[in-house]
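Engineer: Listed here are the chains, written in short residue letters.
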Amino acid sequence: MSAIFAKNSDGAKRQMDHLLTAIAERKDKDAFRQLFETFAPRIRGFIGRQGQDSDMIEEVVQETFIRVWNKAQLFDPEKASASTWLFAIARNTRVDIFRKSGRPTPDANDPTFVPDPEPSADRLVSRAEESHRLQKALSLLPSDQQEVLRLAYFEEKAHAQVAEDLGIPLGTVKSRIRLALGRIRSELRDLR
Amino acid sequence: MSIYHHPSEELLLDYTTGALGEAWSIAVATHLALCPGCRNTIGLLEEIGGGLINAIQPPALDDNGFDALLTRLEKATDVTADPAPLPRSAKGKPVLPEPLRSYVGCDVDEVPWKRLGKGAYQCIIPTGDKDATARLLCIPAGRPVPEHSHRGLELTLVLRGAFSDETGVYGRGDLQEADQDLLHQPHAAPGNDCVCLAITDAPLRFRSLAARLVQPWLNI
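Sequence order for the protein chains is A and B. Heads up: the first sequence is residues 1 to 192, going by our numbering. Heads up: the second sequence is residues 1001 to 1220, going by our numbering.
Next comes chain A alone, as it looks inside the complex (with noise of 0.2 Å):
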């Protein structure tokens, strides 16, 4: 499973999107168990580095699927690709259980939100091949711009922090995250 995966085709991401459809329209489990397979490895290193206590990862792990099956029904392929959609909710749970507070977010269903103009057609059809692009684009880029976004999303470190583990001024990390964001972008931009 997680073999073919691993080449990030299209059709493998388009089948994540469908398993998580699975289980919010009828809680099949068999679609629990292969998204499961899939993602629990990659979430398990995406929180795993800094040699962190493994049961505290594991409850991480843990508490993120039972959510995923929880809120399986928020889950909207128009909007974000189910690994974008994992990750949202991993990153959630991580700083629930490792730093005990909540992560502030705006609230859609308030009165003051400003909602979002309304989304032009091309723009809907368009996200298999925005993730595609942004997939690739971010394996072209260069070994260091790879590593302090790695060490930014998967360490959950600040700017700071990432400077200090790196050894490097701090204007360099943040040079170096705007030029992977900068090109990164670029590839996207005639998507967005």
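Bear in mind the hints are in silico, worked out from the structure with no lab data behind them. Take these hints with a grain of salt, some might be off.
To be verified - Calculated pairs, DSS-like style, for lysine-lysine (alpha carbon to alpha carbon, straight line, at most 27 Å): (1) A:Lys71 to B:Lys1075; (2) A:Lys29 to B:Lys1114; (3) A:Lys27 to B:Lys1075; (4) A:Lys29 to A:Lys79.
For chain A, the structure is supplied; the task is to place chain B on it using the hints.
Structural biologist: Quick look at chain B alone, frame taken from chain A:
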């Protein structure tokens, strides 16, 4: 209404990865409630997170933990409770957006303000964050923000009225990121009192407050 001053990409990235502390995150999340453009950037940053997760080559495990997960799921009941009702403004549409309004516990008209001197008021917002302080400030129209000193970063998000300094004019939804190098003397714009959310990573010291505390002791 347009927003001209946005959080830096670094701040948005730290918010996306979960590295940003709770107090700072209140300012970013409240800006996001008012700014579709920055929400779009967050969407891109989360997609990058998803892309990085996809790119991980996971090690094979004998026991992947799925059976343990199922056991937990079968024991657990769905705990998705209805959220607590949000504090409502007495006068129609609230001024303070979520998530800020829930942190304060009320809208702007019922804030338990404490006097800062020179007509300015503040209200400390309780958070679980030990490294940074969140507070609401209310600066009378046309008056300067009380002089204060801080180390490190200060985030200021305007919620009502406006203030201006050497770097520009800041209205509702605008967010200023200032470090200790920025020398500025912000003034509230004429018209409305300026209400803003200020986050600082060190105890913020208002000189007028210190002076008022010392005054009776010095017997002057």
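Engineer: Taking the hints in turn, state whether each one holds.
Structural biologist: Structure-based check of each hint:
1. A:Lys71 to B:Lys1075: At roughly 17 Å apart (the allowed maximum being 27 Å), Lys1075 of chain B and Lys71 of chain A satisfy the hint.
2. A:Lys29 to B:Lys1114: With Cα atoms ~55 Å apart, Lys29 of chain A and Lys1114 of chain B exceed 27 Å; violated.
3. A:Lys27 to B:Lys1075: Holds - the C-alpha atoms of Lys1075 of chain B and Lys27 of chain A are around 16 Å apart, at most 27 Å.
4. A:Lys29 to A:Lys79: Within the cut-off at roughly 24 Å; holds.
Hint 2 alone, counting from the list given before, is not met by this structure.
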